[in-house]
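Peer 1: Given the sequences, and given the hints that come with them, work out the whole structure.
Below are the chains, spelled out letter by letter.
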Amino acid sequence: MTTTPSTPSVGRPLTRLEGEAKVTGLAPYAYEYALTDPLYLGPVLSTVARGRVSAVDTARAEELPGVRAVLTPANAERLADTEDREFAVLQSDEVSFRGQFVAAVVADTPETAREAAGLVDVAYETLAHDVTLTADHPRLYRPEEVNTGVEADTEQGDPDAALARAAVVVDRTYRTPMEHNNPMEPHTTVALWDEGGGRLTLYDSTQGAHPVRHTVAGVFGLDPERVRVVAPYVGGGFGSKGSAHAHNVLAAMAARAVPGRPVKFALTRQQMFSLVGYRTPTIQRLRLGADRDGRLDAVVHDVVEQTSKIKEFAEQSGVCTRMMYAAPHRRTTHRLAPLDAPIPFWMRAPGEAPGMYALESAMDELAHECGVDPVELRLRNEPPVDPSTGEPWSDRALVRCLREGAERFGWHGRDPAPGARREGDWLVGTGVASAMYPHMVNPGSVAEIRYGEDRRYHVGIGAADIGTGALTALTQIAADALGRPLSEVVVSIGDTDLPEASVAGGSSGTTSWGAALVAAARVFRAEHGEAPAPGASARGTAPEDTATPGYSQYSFGAHFVEARVHADTGEIRVPRMLGLFSVGRVVNPRTARSQFLGGMVMGLSMALYEQSVVDPAFGHVVNHDLAQYHVAVHADVSGLEADWLEGEDPHAGPLGSRGVGEIGIVGTAAAVANACHHATGVRVRNLPLTPDLFLR
Amino acid sequence: MDATITLRVDGEERRLTVDTRTTLLDALRDRLEATSPKKGCDHGQCGACTVLLDGRRILSCLALAVAHDGADVTTAAGLGSGDGAPGGELHPVARAFVDHDGFQCGYCTPGQVCSAVGMLREAEAGWPSHATADLDAPVSLDDEEIRERMSGNLCRCGAYTNIVAAIREAAR
Ligand code: FES
Ligand code: FES
Chain B
1 MTTTPSTPSV GRPLTRLEGE AKVTGLAPYA YEYALTDPLY LGPVLSTVAR
51 GRVSAVDTAR AEELPGVRAV LTPANAERLA DTEDREFAVL QSDEVSFRGQ
101 FVAAVVADTP ETAREAAGLV DVAYETLAHD VTLTADHPRL YRPEEVNTGV
151 EADTEQGDPD AALARAAVVV DRTYRTPMEH NNPMEPHTTV ALWDEGGGRL
201 TLYDSTQGAH PVRHTVAGVF GLDPERVRVV APYVGGGFGS KGSAHAHNVL
251 AAMAARAVPG RPVKFALTRQ QMFSLVGYRT PTIQRLRLGA DRDGRLDAVV
301 HDVVEQTSKI KEFAEQSGVC TRMMYAAPHR RTTHRLAPLD APIPFWMRAP
351 GEAPGMYALE SAMDELAHEC GVDPVELRLR NEPPVDPSTG EPWSDRALVR
401 CLREGAERFG WHGRDPAPGA RREGDWLVGT GVASAMYPHM VNPGSVAEIR
451 YGEDRRYHVG IGAADIGTGA LTALTQIAAD ALGRPLSEVV VSIGDTDLPE
501 ASVAGGSSGT TSWGAALVAA ARVFRAEHGE APAPGASARG TAPEDTATPG
551 YSQYSFGAHF VEARVHADTG EIRVPRMLGL FSVGRVVNPR TARSQFLGGM
601 VMGLSMALYE QSVVDPAFGH VVNHDLAQYH VAVHADVSGL EADWLEGEDP
651 HAGPLGSRGV GEIGIVGTAA AVANACHHAT GVRVRNLPLT PDLFLR
Chain H
1 MDATITLRVD GEERRLTVDT RTTLLDALRD RLEATSPKKG CDHGQCGACT
51 VLLDGRRILS CLALAVAHDG ADVTTAAGLG SGDGAPGGEL HPVARAFVDH
101 DGFQCGYCTP GQVCSAVGML REAEAGWPSH ATADLDAPVS LDDEEIRERM
151 SGNLCRCGAY TNIVAAIREA AR
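Chains B and H are the protein sequences, given in the same order. Residues in the first sequence are numbered from 1 upward in steps of one, following the UniProt record's numbering. Residues in the second sequence are numbered from 1 upward in steps of one, following the UniProt record's numbering.
Please keep in mind that the hints were generated in silico from the structure rather than gathered at the bench. Do not rely on the hints blindly, as some may be mistaken.
Unchecked claim - Derived CB-CB ranges, DEER-like: (1) H:Glu122 to B:Leu127: 51 to 57 Å; (2) H:Gly44 to B:Pro589: 32 to 38 Å; (3) H:Glu144 to B:Thr389: 45 to 51 Å; (4) B:Glu62 to H:Ala125: 50 to 56 Å; (5) H:Glu144 to B:Pro485: 38 to 44 Å; (6) B:Gly413 to H:Asp142: 26 to 32 Å; (7) B:Asp37 to H:Arg121: 38 to 44 Å.
Every residue, glycine too, gets a C-beta built ideally from N, C-alpha and C.
Peer 2: The structure is reproduced here in structure tokens:
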């Protein structure tokens, strides 16, 4: 930091700067810009999972008054780059999953667009499809690498021999279902080509304006400078808005037919179940070999997941097992089944969320087998260095999270016997699980600082605030970096007219963008001093290596959960959850707490409710709306508490902070499942934990 | 088929022509550029589109605009300061949402705020909920009551704990 004023802004629990705009609803989301003469897009989605479009009859749609254009595979423009087949929209007659775009209508009103889309007659030549993931799927393959770019398989020592000689072996398979992000704001794009057709503007709901610009520019063969993406307000994403999707391309194609007029395209909730990603179902076999005291000698984590045939996404569910606990013998593997299914993608803590559910459930089973307290079992397997790399930890605080969390939760004196506590009709139990999340930094973000006539510092960076509190946090960081009070700093985000910023993903945003702000402030002060003239400006770029190399950097945490299971109906209530985390320095305690709580709520939701059910006969998600895809509601959430250890990570970069957006969902489902086992004695090894599974 | 109707939106009389299939939500968002109420599902399943219709909370995606000719609609943008006059200070419920960080992305928020305002009126009028133990006693809005009565408003960001704290404070 350059100079810091007497009262630093970082660390203060500010309320959100955009709070008033949000509570009144006046903050404009992608659909809500007042644009002149908008038109509306009505998409037609495939009703078969595999095959070809043999004929499209657009006559009835075209006859409808108010219809401006009907796009089909036959008449759609040829795109410049369709190597990524997610974006090869209407480029051929091939159908690769049910719910894929096969045609689209542009019309004067949303009602007409929807009616006309329904009047487009699409005939198919249907081929046999395969949408079912099984543990022994005949086409399982090993991906080149898994998400985050790490290897699919690892092995250390001789895990098979170690398992064969282990005094205690836990060998269990855990399953998690297909899950959908379901941000409250549907994925939306409003596309507008200028009259000459040379420039495209997208008002988009995205976690990364610049990444969308690059993707769309590539697909259309445009210079990126000709594509502007505007996204200052984003109604949640949780990963699904972490890249462009096919709807961006379709909206831009449709708008090309009507230059000068904006085309609005908000996906319906139902359409979001096939077009914007989802968490793959997982089948995870965990084998733990330990001595009678629960000290691990071998850990094996074999993961089976699905991907789409047209684009690979490999969720890194087994990666957590590479570093979580000490064990000399270890193996992790990932196998994918390519299916005629939509393309899976990021969903909050991809990899860690399902992976830690399995690992932390298996650890609970091991504790039970060995008769060791589950907190103590984890303490016994604490690795002095990162077992996967041999590197020292920058700030591994799992032990403290477990110990202090146990203290605060009132864990001690817990009777380990399952199914032994009953209050009225309710069986009561408690469970624990560890949490972790890697410290991720995306290099290369740029920030600009300009000193204005209004004697304020105007800071610009194309970052995204998807509800994380990024705008407020960045303002705090910029104020400290400039050594000025908050009132003198104005930050603008969410627009490609601002300097390049990395995606809001991997809990990397505040760290990555904050590093750019710090760099820009240094340059600004170096060039303009402490008393700049109005109009003075400077740019700075986040360094390649924000974090100190040579250290293994992770956030850690511990979840403690009380669960009550109804003895007659199996209904599950969770009256109490405590999450205690270590994330380095916290920039804004108020918004960080909200991130932790939100992650824990989604973890509770994952544990008890969320499940997308695919119809094997037709290949679609049958429960494709919010009435049937259940997420946690107000009545499901009580006694939730999140806190963190004070401190900073000296190796995490100029802010000493690691991300807070995802760790709250990691391990949560295991803690709930472990508490339900403790309450009932019933061990359920697949999510969600529905009441029927507890009835014996 | 089109029909011309009048709506009073946040205190202002608006005349508009709608397709008879137009929902109240789309009439507000697409015809009147009143985008405070949000569309999360369009099927009455999420609560993002909650507005006050003649003083009561409703899901505007489940109402047809033509069926409400002459109605008075209040969105979160028009709640005013709570004393009946629009503009000026934030409504106490909205203020409490800001203070308690009762939102993250903000997309469910106008619906949550309108729903909370309508819910507080229902409780004051003595309407019971599933969580009400004694149907004869006046409603006392403890956390369980608030959670039960707000459960039609989903928040995918999971701001529930802070929303309940905000409403608890505003209810005092
Ligand atoms: S948009 Fe009306 S309830 Fe969801
Ligand atoms: S604040 Fe994002 S859905 Fe509620």
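Peer 1: If a hint holds in the structure, say so; if it doesn't, say that too.
Peer 2: Going down the list of hints, with the structure as the test:
no.	hint	verdict
1	H:Glu122 to B:Leu127: 51 to 57 Å	holds (54 Å)
2	H:Gly44 to B:Pro589: 32 to 38 Å	holds (37 Å)
3	H:Glu144 to B:Thr389: 45 to 51 Å	holds (49 Å)
4	B:Glu62 to H:Ala125: 50 to 56 Å	holds (53 Å)
5	H:Glu144 to B:Pro485: 38 to 44 Å	holds (43 Å)
6	B:Gly413 to H:Asp142: 26 to 32 Å	holds (30 Å)
7	B:Asp37 to H:Arg121: 38 to 44 Å	holds (40 Å)
Violated hints for the displayed structure: none, as all numbered hints are satisfied.
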